[in-house]
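Novice: Just so you know, the sequences run in chain order A, B and C.
If you're matching positions, the first sequence starts at 1 in UniProt numbering and goes up one per residue.
If you're matching positions, the second sequence starts at 1 in UniProt numbering and goes up one per residue.
If you're matching positions, the third sequence starts at 1 in UniProt numbering and goes up one per residue.
Calculated directly from the structure, the hints in this document are not laboratory data.
Being a predicted model, the structure only gives us computed values, none of them experimental.
Note that the Cβ used here is the ideal one computed from N, Cα and C, for glycine as well.
Be a bit skeptical, because a hint or two may be false.
A short, non-exhaustive set of chain B residues, derived as facing chain A with CB atoms under 8 angstroms [unchecked claim]:
id, residue
1, M34
2, G38
3, L42
4, M52
5, V56
6, I61
7, V63
8, A64
9, L66
10, L72
11, H121
12, A123
13, I142
14, L143
15, E146
FRET-style restraints, in silico, Cβ to Cβ [what the hints assert, rightly or not]:
id, chain 1, residue 1, chain 2, residue 2, range
16, C, L8, A, P95, 49 to 59 angstroms
17, A, G179, C, G12, 54 to 64 angstroms
18, C, H121, A, L85, 25 to 35 angstroms
19, A, W202, C, E146, 29 to 39 angstroms
20, C, E146, A, H121, 38 to 48 angstroms
21, C, A175, B, W70, 33 to 43 angstroms
22, C, G119, A, L174, 41 to 51 angstroms
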Amino acid sequence: MVWDLEMLARLGLSATGVIAFAASGALEAKRREMDAVGIITLACCTAVGGGMIRDVLIGAIPVAALVDLWMLALSVLAALVVMVLVRTWERLRIPLLLCDAVGLGMFTVDGALKGLAFGLHPASAVVVGVITGVGGGILRDILAREVPIVFRWRSPLYVVPALLGGALIVGLSLAGWAGSAGMLGTAGLIVAIRVVALRYGWHVPRGRGARSGQR
Amino acid sequence: MVWDLEMLARLGLSATGVIAFAASGALEAKRREMDAVGIITLACCTAVGGGMIRDVLIGAIPVAALVDLWMLALSVLAALVVMVLVRTWERLRIPLLLCDAVGLGMFTVDGALKGLAFGLHPASAVVVGVITGVGGGILRDILAREVPIVFRWRSPLYVVPALLGGALIVGLSLAGWAGSAGMLGTAGLIVAIRVVALRYGWHVPRGRGARSGQR
Amino acid sequence: MVWDLEMLARLGLSATGVIAFAASGALEAKRREMDAVGIITLACCTAVGGGMIRDVLIGAIPVAALVDLWMLALSVLAALVVMVLVRTWERLRIPLLLCDAVGLGMFTVDGALKGLAFGLHPASAVVVGVITGVGGGILRDILAREVPIVFRWRSPLYVVPALLGGALIVGLSLAGWAGSAGMLGTAGLIVAIRVVALRYGWHVPRGRGARSGQR
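With the hints as constraints, model all of the structure from the sequences given.
Specialist: Now the structure itself:
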């Protein structure tokens with residue numbers, strides 16, 4: 001197998017996404033004061049959850065996480081690093097949201113490309129990208145009994161950058177421009193929009209009739 | 001492809017179920033005061049969730065929602081209509097339960113017939129029908145951190161009409177009578193039982209030793 | 001088909017796991033004061049949930065629970081027995097944890113062996129065993145809006161005995177020693193570790209910086 005730049009970029013996307021989501025899961029578990037096994041377990045579920053849902057829906061079975069065991073190994077490693085570095089259970093919200101944003105960007109691009117590779121309609125591939133990007137975080141939040149990040153009130157843009165990025169990478173791919181630069185650029189763009197939205201509190205309007213003020 | 005009455009009835013079942021469940025998800029999101037993206041997202045999850053679970057369990061992959069993109073488009077449309085029409089976040093419980101009942105009826109019949117079409121044992125097809133019918137609502141309630149409707153205390157009959165309707169349509173199908181009238185009649189029967197049970201507070205007894213009075 | 005001791009042991013594992021997990025689901029539903037249909041439904045979800053997740057992830061579709069209908073029949077039966085025998089909604093925590101432990105042991109071994117039979121890498125088969133063992137209980141707890149048992153604070157060893165038992169049965173199988181004695185012994189070992197850990201309050205340390213005392 002010849003390794004070219006594109007495959008390396010693709011692998012880099014996956015690995016970065018796994019590390020970032022695993023860290024977000026470990027941080028959430030820390031916040032919830034879970035024990036060491038709980039931290040590692042939630043890290044693994046978050047890191048491979050989105051990809052598992054994607055693979056099951058498009059029929060890529062056995063799912064990647066059971067074939068490419070480095071994903072689970074990397075998740076455990078990331079959880080251990082979080083456990084060693086983070087000695088507090090407070091003020092973990094911001095690092096958690098940042099890790100989650102990185103995972104969102106990487107996995108959306110990775111998922112959309114895998115959807116295309118499985119011969120789905122371009123619009124379906126965008127949906128698969130979004131599902132892959134948001135799936136792990138939803139699973140993490142359900143398991144930790146947290147309001148899923150997608151649905152949090154005044155949650156700054158979350159699904160929107162994933163949708164935009166998914167559409168962009170599918171468009172680039174159809175145009176033959178989804179090389180390493182296109183992938184990394186699109187993933188970076190999703191992360192950037194999400195982080196800027198978090199920083200400046202950008203969010204989606206709630207439509208008519210909503211109360212203002214309280215949650 | 002020649003379109004006959006049966007295929008039209010089948011398509012009508014699916015489309016009605018998608019619209020009804022999408023509306024129920026949008027209403028639940030409204031009640032929870034989610035933003036526009038949250039409303040659309042929860043509507044989509046509710047509308048295609050039950051069918052996705054069904055397709056994954058019986059091996060119909062890629063799942064229908066990723067192939068027949070009109071389902072997601074219709075869900076988004078239904079969510080937008082709810083957002084325009086509904087200007088309050090109060091008194092949405094009854095419309096929500098009615099939409100959910102319609103979705104339950106349509107999807108149970110559709111799911112049971114798909115189970116049969118995939119060569120499952122008739123009893124399994126009934127189970128697949130029930131899973132399809134209740135799956136979307138369970139997903140909606142888990143994502144919105146609500147007690148799943150199936151398990152609510154004093155919840156009037158929910159699984160029971162689905163089971164009866166599933167058994168009926170499978171029986172009709174085996175007898176060769178699952179034409180458009182049989183499908184629509186069975187789906188209507190499930191909706192009717194559920195709505196009458198809601199109206200008159202019919203529910204299943206709780207067995208011995210249960211406290212009376214409080215939830 | 002010739003029935004030998006190994007097949008009987010394998011079937012015994014499955015059946016015992018189904019009964020134990022169904023009982024744990026029924027007890028949880030009792031504790032939550034659900035009605036008869038809720039009790040039966042939660043029992044079924046718990047009993048076949050872990051195996052469904054396993055089958056979907058490894059590609060054994062249609063999933064076993066839709067083919068081997070005795071599993072659902074046995075789950076309903078176990079739920080009915082619980083409903084007849086248990087007349088109170090109090091003091092059900094200990095029996096629930098014991099049933100859960102038995103299900104954990106049986107399903108971990110069964111899941112790991114099915115993973116191997118589907119040609120997965122031995123390490124993946126261990127992961128599949130753990131997912132099968134813990135999946136039903138996680139589903140039960142999510143549906144009942146309980147903190148998932150895997151993540152409970154100070155929860156005595158749960159994932160650890162499953163991991164050890166999964167590794168043991170995969171090792172035995174590779175060595176050709178996974179006969180009926182090996183299967184039942186390994187399953188019994190998992191149950192024993194879990195029960196002893198529950199009895200004596202063994203648990204995993206929480207790492208640095210954790211508060212001591214409160215939840």
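Novice: So, for every hint listed, does it hold in this structure?
Specialist: Hints and how they fare:
The interface hint given for M34/B holds, since its Cβ lies 5 angstroms from the closest Cβ of chain A, which is under the 8 angstroms cut-off. For G38/B, the shortest C-beta to C-beta distance to chain A is roughly 5 angstroms, which falls under 8 angstroms, so the interface hint holds. Evaluation of the L42/B hint against chain A yields a held restraint, the C-beta minimum of about 7 angstroms falling below 8 angstroms. Annotation: interface hint on M52/B holds; nearest CB of chain A at approximately 7 angstroms, less than 8 angstroms.
Proximity of V56/B to chain A holds as hinted, the smallest CB-CB distance being about 5 angstroms (cut-off 8 angstroms). Taking 8 angstroms as the C-beta cut-off, the interface hint given for I61/B holds, the closest approach to chain A being about 4 angstroms. Interface hint status for V63/B: upheld, as the beta-carbon distance to the closest one in chain A is roughly 5 angstroms, under 8 angstroms. For A64/B, the suggested interface contact is broken, since its CB lies about 10 angstroms from the closest CB of chain A, more than 8 angstroms.
This hint holds: L66/B has a C-beta 5 angstroms from the nearest C-beta of chain A, less than the 8 angstroms allowed. Interface hint at L72/B: satisfied, since its Cβ lies 7 angstroms from the closest Cβ of chain A, which is below the 8 angstroms cut-off. The interface hint given for H121/B is broken, as the beta carbon of that residue sits about 23 angstroms from the closest beta carbon of chain A, more than 8 angstroms. Given hint, A123/B at the interface with chain A, is violated; its Cβ is 25 angstroms from that chain's nearest Cβ, farther than 8 angstroms.
With its C-beta approaching chain A no nearer than about 6 angstroms, I142/B sits inside the 8 angstroms limit, and its interface hint holds. The closest approach between the C-beta of L143/B and any C-beta of chain A is roughly 6 angstroms, which is under the 8 angstroms cut-off, so the hint is satisfied. Interface hint at E146/B: violated, since its Cβ lies 12 angstroms from the closest Cβ of chain A, which is beyond the 8 angstroms cut-off. Hint check: L8/C to P95/A, Cβ distance near 53 angstroms, so the stated range 49 to 59 angstroms holds.
Range check, G179/A to G12/C: about 56 angstroms between beta-carbon atoms, so the 54 to 64 angstroms window is met. Checked against the hint of 25 to 35 angstroms, the pair H121/C and L85/A passes, with Cβ atoms roughly 31 angstroms apart. For the hinted restraint 29 to 39 angstroms between W202/A and E146/C, the CB-CB distance of approximately 36 angstroms keeps it satisfied. With their beta carbons about 40 angstroms apart, E146/C and H121/A fall inside the hinted range of 38 to 48 angstroms.
Under the hint 33 to 43 angstroms, the C-beta atoms of A175/C and W70/B, about 54 angstroms apart, miss the expected range. Checked against the hint of 41 to 51 angstroms, the pair G119/C and L174/A fails, with Cβ atoms roughly 35 angstroms apart.
Consistency with the previously given hints fails for numbers 8, 11, 12, 15, 21, 22, ordered from lowest to highest.
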